[in-house]
Structure formats: C-alpha cells, structure tokens
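Peer 1: Using the sequences and the accompanying hints, generate a full structural model.
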Amino acid sequence: MKLFPERFYDSFFVNEYGKIESLRASRYNTCFSIVLMSVEGGGKGRLADESAGRQVMHRLASRVVESVRNCDVVGLVDERRIIVILPEADHFGSLMTVRKLSRAVEPISDGTPFSVILTQATFPRDGRGFGELVGTAASRAKLQKESLWERLRLRDKLFWEVMGTLTASAPSGYNDSTFEAGGDRPLTEFFIEQLDELIVKEISRTPQKRGILYFSSKKISQRLPLVKNLNAAGAFSTRVFLVGEPEENAWEIKTATPLIIDDQRLRETFFTFYLNEGTGYALICKENWGATYACFHTADAHLVEGLITKFQSEYSLQETLG
Amino acid sequence: MMDKNRTLLALKRDEEINDLTGYLTGLGFDPVSVCDGARAIELAIQEVPSFVIADIDLPVIDAERVFQILRHNPHTSNIPFIFIADSVTDIKGFRTGVDIFLQRPINLDELSSRIRQTLSARKSSGPGSKGIEGRLSQMSLADILQILHLNKKEGELKVSSGEKTGSVYIKDGEIYNSSLEGIEKEKALFRLFTWDEGKFEFTPKQVTATKKIRSTTGNLLMEGMRQIDEFRKKEDQFPGKDRHLRCKVDPNTLPKGLQPVIYEIIQLVNAYPKVADIVDRSAYPDYEVYTTIVSMLARGILDYRDAEGAAADQMAQFLTTDQAISIREKILSHYTGLNVNYGKIMLISTSGSLASEFIKRCKVIPGFSMNSKSSFQQISLENPLGEISAIKLYGGMDITLFSIPAVKNMGPLWRAFSENLIGVVLLWDTEGEGDLSELEGAKKDILAKKRVPALHVFSGEATKEAGARYRSALGLKPDEPLFKLNKNDNGMIFEIFYSLFSSLIKDDYVR
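Taken in order, these protein sequences are the chains called A and B. Counting along the first sequence from 1, when you hit position 182 you're at 181 in numbering that gives the first Met the number 0, and nothing is skipped either side. Counting along the second sequence from 1, when you hit position 207 you're at 206 in numbering that gives the first Met the number 0, and nothing is skipped either side.
These aren't lab readings, by the way, just hints derived from the structure by calculation. From a predicted model like this one, the values you see are computed outputs, not experimental measurements. Be aware that one or more of the hints could be misleading.
[As the list claims (entries may be wrong)] Straight-line Cα separation of at most 27 Å, DSSO-like style, residue types lysine-lysine; simulated pairs: (1) B/K232 with B/K391; (2) A/K208 with B/K329; (3) B/K232 with A/K208; (4) B/K448 with A/K141; (5) B/K391 with B/K240; (6) B/K463 with B/K391; (7) A/K144 with A/K309; (8) A/K217 with A/K156; (9) B/K232 with A/K227; (10) B/K329 with B/K391; (11) A/K141 with B/K157; (12) B/K449 with A/K285; (13) B/K442 with B/K329; (14) B/K443 with A/K141; (15) A/K144 with B/K448; (16) B/K391 with A/K208; (17) B/K407 with A/K144; (18) A/K227 with B/K391; (19) B/K449 with A/K141; (20) A/K141 with B/K442; (21) B/K163 with B/K184; (22) A/K144 with B/K449; (23) B/K442 with A/K144; (24) B/K233 with A/K253; (25) A/K144 with B/K443; (26) A/K253 with B/K232; (27) B/K152 with B/K247; (28) A/K227 with B/K233; (29) A/K227 with B/K359; (30) A/K208 with B/K448; (31) A/K208 with B/K449; (32) A/K208 with B/K233.
Peer 2: Set out below in structure tokens:
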C-alpha cells in the first residue's frame, strides 16, 4: 500500500538533496531554507506502530505537499519529522512558509493527541551544511516547546487576551521577565523609553538588516523619543510601524508607517515588538494607577513572532515579517 | 516669408492708424494697416509681419480671436502681439515676455522700447537657435540624453546648476565628449548626472569636437547611474574631502600590471595630499577614485596624515595594525551577514553609576567616542543602557560598548541584543557585592549561548580576602585575572581592553 503521496521522498533522498542544495547555494552564493515539522505526543512507542500516528503522518505529508511550491522538496527525516527544503528562500521567506504550513496542518492535529511544531533554518546564517541546518531547526523546536507561547497555549487566545496573560504572568527567567517602572520604583518611566531607543540604535547600527518593528503608543506624536530617534537614524531596511491614534497636527516620518488604530485598550497597554533574522524582543507595558507600569519583556523570538502574527491577523494588517 | 520690417496695424480708429503709421515708418518699419479682424488674419497669413499691433475691440473678428487663430497657425505662431485697449483686459493665451499689452492713451516712447524689447527677445530665441530646454527637476539628464540618442541628434547640450555650467557634445545621438569646469569625458558626464536641480538647453549645431568618449550611450548611462547609486550607498565609508593622505610604500616597489588608477593616485597623493584635490585631478570618475583610495587605505598602501591619522597612530600604540586586523578578521569570520562593521562588548554592572564611571574612564582609549544620539543625554549618562560608546578600530570596524544592568529580570535584553558579541565585562564595587550572584548568573547565561571572553573588573580597593571571595563567588579559574580599577589609574583601562582583545585573538572565542 502506498503510504505517502507523490513528491514526498524518503529520508535518504532528502538528505542527499539537502547536501547538494547546500553545495549549490555555497557555490552560487545564494541562500536556501528548510522547514522542520516535528510531531509530538502520542504513545511512547514508534509512531509507525500506532494506526492513529500513521494516519496523522500520512495526512500531514499530503497537506504539506499540497501547500508548498513545485520547486520545494518534501520528505521524511525520521518517523516523527517531516522536512521541506525551500530553494532560494531567505529567512523571512521561510518564516512565511512556516506560517502557511502552520495554518494548513492545524486542522489535522486538532482533536488528536498529537501536536505539530514547525521550525526553520536558513543557509548560511544558521549553518553551512545541511546537517547543521537540521540541527539548528531541531534545537529551535526544542526551544519552541519551552516557549511561553506553547506552554500557556497562547495560540488559542485572542491578541488582547494574550497581552493580558503576559502582563499578569510572573516569569522571572532570563528569556521572559517582568519588571515594574514609574512611581517610586527603582526604574523610572524613562527606562521604558530608553529600551525603545536601544532598539532604534540596534536597527541603525546594521541598517542593511531586514526586520520588523511595531511600536504602539497612546498617541503617535512627533515628540515621542522613538520618533525623534527614528528621524535621526537615517535609512534602514527594518520596517517600522507606529501604532496608535494620530496627533491633531499632520506630520510626516519617512522611515516609519503610521497605523491609525482607535482602540481603548491601546490607551492602557502599549507595546514594542521587534523581530529580525537574528533576534526577537517584545516589551509590553500596562499602565496602572499613578503612572506606574507593569511590564513584561521577552527575548523569545517564537513568542514575538506569535504576537506579531496575532496582531496582524486581528487588526487585518498586511502579513509581513520584514 | 517673413519681412523683418513689415508690421501689421489692426486698429479701428483712423487717427491712431495715422499716428502710428508715421511713427513706425520713422523707426524704419513698413506698417500695413487694416480696420477689421478678418482682414488682419488674411494679411498676416499672406505676408508674415514681424509684429502685430491690434486694437482689442476690432470689428468682425475681435483681436483676442485673431491672436488665437494666428497662434494656432504654425507659420504665424511666433508673431508677437501688441494689444491696445481702453482698460485692462484678460487675454487668453497671452505670452508674457513675448506679447505686450498697452492701455490708452498710448505713449509712443514706451511703445518703441517695448517693440525693441520683444523683437530682441524673439531674435535670441528664434527658430534653430535652441532645440529643447527645460529644468532638470522635470527631466533628468539621463532622460534627455536618451531622447537625443534615440533621435540621433547632433549638437551641444548645456547644463547649468547654480554657478556651474557643463556641456555634453552629441553627434548622431552618440556622446562625443563632456566638459565641466576643466574636467572632461566620463568623469565630467558622471558629475553632471548627479545634478538634480538646474536648467538644460540643447542647441542643434554641427559638432566639431573630437570623440573622446568611446562607450556607447546606453552603456554610459547604465554605468553612470550605477556609479551614482553605489557612491550614495557607500558615501559614509569614503574618506572626507578634507582628509590628507600619504603614501606608505615606495612607488617604485609597486608591481607592474596594477590598475592604472592606482599608479595615478599614488602620483597625485605625493603632489596633492588632500582627498578633494586627488579626486578632482584624477582623470577617472569620482566613484572609481574613491573606491580605489578606500582599498589602498585598507591594504596599507595609503595612510592618513592629518589629525584623524594621528588618532590612528595613537591607536597603533594601543593595538598594532596586525592586532587590529586580527580582531577585525575574528569578528568578520564569525559573524556572517552583510557588512559586519562592529563587534559588541557587553558591560554588565551592578549599578548604573558604576557603568557610567567606567565608560567615562574609557575616554583615554584612542578612537573612543560617546554615542551622542540620545534623547535622554543626562539619563543615559547616569544610567547607561544599550550602545553608549564606540571605539574605532580599523578599516571601518567599530567596537561598541553596550551597557545592561546585572539583574535577572533584564535577561531578555542581553539575550535579544547579543548579536556580534565579542566580549563581556562584569563590573561591580563594594556596594554591589551583594549582587555578585546576579552577575554570575548573567555571565553564565551569556556564555552558555556565546563563547566570548569574560573579564571581571572590581572598582575600588580590594583586600586579598575580598579578592578571594569575589573569585569564588564568580567562579573564576586560578589563571583568570581579576582587574582592580582604582581611581585615577587609567593604565588599568588599557590593560582590561588589551586583555580582552588578546584573549579574543588567541583563543577560539566567539560563536
């Protein structure tokens, strides 16, 4: 019986193909990416021995083959992992494929004991050999499992529910953490603005690097320190969006796009989401009584990407990551 | 055929006809008079006059209509009109500078001077004297050249911007030569391409200039535009126009077969050390000269000999050129990506004031500069956060100092912004002794992700026991140094950085 669809290859083939692709990319100085799909859950035994597990893998394989481009190569890595090789795809191209595949395979795992984790890696920045790339994607899958996004099942919540959950949570690790600012706290409210300035400095330090920055404020004003810093930063490749209500007087900023959103919740909670190919950082601050702020910040790129995806989707914004 | 002296008087008042006929005849004109608009049109077409004097209220066809009809006829479209009316009237299509409007009573002296004015203006813009003219803001030089090329035109294209004027000579649509302030060929043409504001004027005429530009127009335009784009992109990497250069090698020892521009630059540097002079006097386009200078600086063939060059010399005393190159190569080899131009040293301290004090003392390092682009200058000085200063290293490479507080809940900052990390400096003082565990935690977390040298710096006087305590709390190996930064001991700052750079070069650090 044929278990898998056409254009779905075995691990030997994808491994050989991946090695050739990395040689080709290094010879012609181009990039390519891989997307690794790991199936979690089910019994502790082999997935192939369970009929439900076999069925899920079979349906995933069919759906992935249907969703990718003709030039992409899909195959098995092992009994729990499927790999997609994306020729000529850069970091952001592979992130968009992850989004697309995530949507395509979500209904398959729903209602089953299985869950699917999608991660990506790009040649050459994440590794120069095919094995190294698979290793990077696998270690990202491990990190992703530990991410608050997965642990708190934030995927199933609405954007503002996620924001509320995060500001009310009390993580104190090196990856996700909370702090309070303003009032008589050791950190002043300027500290929050200094954090935004820090991001703009990072952007202007490597202006050629692509990325995305969402910055929300009660009112998008040209007097905001971030706006002043953006004006002084010169040209850069990061796409910057300023979210909030407009100021009465019209003004123009060349390096950022204003997103006019009139939402009561933006007056109480403001955020900064920054994602580029190397890093992710999010800062969410909820204003309390007496100009004090309860803040959550994270360096978890998966969580930042999730927040950006939810924000774009619920406010019908263009789906872009850089 | 136009008669230079023939003038047409279309006036309804006889006394005016008589007065003006006599006056114009006296001035050497040959006036012909008519009493209505229809006759005026007929005569103007039969024998084109040098100008028409018309009463605005002409019978049969009024003067405005006569004017419009004659303007639409290619044979008569250039005839200047002098309108005479009792009151100010709006005339559709009136050409300021060409046509004249006079209100009764007519002042004959004024009429005479206006006629002279309009005829001399017309003479200078007569047919054949100018082909095309316009503003560069409306149409770029590249577009004009393309049009002239496609139409196989011959003539001189004059371009002026401010007080500068340049020319491009075109024959059969091909660019023969270009000149601008004593400069010729591609160099002049590519400089003209950079002008966005100004006027252009193409005069069709026989071009006798020698063909000095060999490339085809298409190639010239593409190459010119490419060089301008590249120049704008890399402008900040090029040496300033006022910098002075010197040649570090004996020109006679240079191998043969190098690009001719290199030999030319070396000769020019010896005669004119200023960058602006070298670029102006070289026969090669500006972009080529600048990129060659940059590459010669990077290869050590050229060197700066001015104040900034002195700073580089100072830096050379701190780090030798070989060491600076090694650090740069270390950073470049470990961080892939476009234009890696910096390495980051993370400064993690137990208090903001301590970090601030440390940064102030780093000012003794040659090439050190504070990042002045901050909206919170004062706060940034007291509680430095993020990139606060940089040390210019070599070949456009910066070493930046990035400050972060040593508290666990700032972990996301050092995790998210540790790109291009080349070292960590952990800083504490007696007051911050209680936070050593936080410092140790931060160090472990960073080093687990990036293999970089970590330096431990205690600010103040430490007893032997305290030193042992700190070493134990921070998990220092016996051979790892513990730096004690005393007040006014600037030598220690050099030692700290020297140790960091030495570790970086020696060991398989970074990544």
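Peer 1: So, for every hint listed, does it hold in this structure?
Peer 2: The hints, checked one at a time:
Proximity of B/K232 to B/K391 is assessed by CA-CA distance (about 21 Å); at most 27 Å being required, the pair is judged to hold. At roughly 20 Å between alpha-carbon atoms, A/K208 and B/K329 fall within 27 Å of each other, so this suggested pair holds. Proximity of B/K232 to A/K208 is assessed by CA-CA distance (about 14 Å); at most 27 Å being required, the pair is judged to hold. Simply put, B/K448 and A/K141 have alpha-carbon atoms about 15 Å apart, close enough for the 27 Å limit, and the pair holds.
This hinted pair checks out: B/K391 and B/K240 have alpha carbons roughly 19 Å apart, not beyond 27 Å. Distance restraint check for B/K463 and B/K391: the Cα-Cα separation of roughly 36 Å exceeds the 27 Å cut-off, and the hinted pair is therefore not satisfied. Restraint check: the Cα-Cα separation between A/K144 and A/K309 comes to about 19 Å, which is no more than 27 Å; the hinted pair holds. About 24 Å separates the Cα atoms of A/K217 and A/K156, which keeps this hinted pair within 27 Å; it holds.
For the hint linking B/K232 to A/K227, the alpha-carbon distance of about 23 Å falls within 27 Å, and the restraint holds. Distance check on the hinted pair: B/K329 and B/K391 sit about 16 Å apart at the alpha-carbon level, within 27 Å; holds. The hinted pair formed by A/K141 and B/K157 fails the criterion: a straight-line CA distance of about 68 Å is larger than 27 Å. Straight-line distance between C-alpha atoms of B/K449 and A/K285 comes to about 33 Å, which puts the hinted pair past the 27 Å bound.
The suggested pairing of B/K442 with B/K329 holds, with an alpha-carbon distance near 22 Å, which does not exceed 27 Å. Under the criterion of a C-alpha separation no larger than 27 Å, the hint pairing B/K443 with A/K141 is consistent with the structure, at around 20 Å. Annotation: proposed proximity of A/K144 to B/K448 holds, straight-line Cα distance about 18 Å (limit 27 Å). As the CA atoms of B/K391 and A/K208 are separated by approximately 21 Å, the hinted pair is consistent with the 27 Å bound.
The suggested pairing of B/K407 with A/K144 holds, with an alpha-carbon distance near 22 Å, which does not exceed 27 Å. With a C-alpha separation of about 26 Å, the suggested pairing of A/K227 with B/K391 holds against the 27 Å cut-off. Taking the CA atoms of B/K449 and A/K141, the gap is near 18 Å; set against the 27 Å cutoff, the hint holds. Restraint check for A/K141 and B/K442: satisfied, since their Cα atoms lie roughly 23 Å apart, inside the 27 Å limit.
For the proposed pair B/K163 and B/K184, the alpha carbon gap of about 17 Å is at most 27 Å, so the pair holds. This hinted pair checks out: A/K144 and B/K449 have alpha carbons roughly 22 Å apart, not beyond 27 Å. The hinted pair formed by B/K442 and A/K144 meets the criterion: a straight-line CA distance of about 25 Å does not exceed 27 Å. Taken as a hint, the B/K233 and A/K253 pair is honoured in the structure, with Cα atoms around 21 Å apart against an allowance of 27 Å.
For the hint pairing A/K144 with B/K443, the CA-to-CA distance comes to about 22 Å; that is within 27 Å, so the pair holds. With a C-alpha separation of about 18 Å, the suggested pairing of A/K253 with B/K232 holds against the 27 Å cut-off. The straight-line distance between the Cα atoms of B/K152 and B/K247 is roughly 49 Å, outside the 27 Å bound, and the hint therefore fails. With a C-alpha separation of about 24 Å, the suggested pairing of A/K227 with B/K233 holds against the 27 Å cut-off.
Between the alpha carbons of A/K227 and B/K359 the distance comes to roughly 26 Å, so the proposed pair stays at or under 27 Å and holds. Restraint check for A/K208 and B/K448: satisfied, since their Cα atoms lie roughly 21 Å apart, inside the 27 Å limit. For the hint linking A/K208 to B/K449, the alpha-carbon distance of about 21 Å falls within 27 Å, and the restraint holds. Pair hint A/K208 plus B/K233 holds up; C-alpha atoms about 16 Å apart against a cutoff of 27 Å.
In summary, the numbered hints that this structure violates are 6, 11, 12 and 27.
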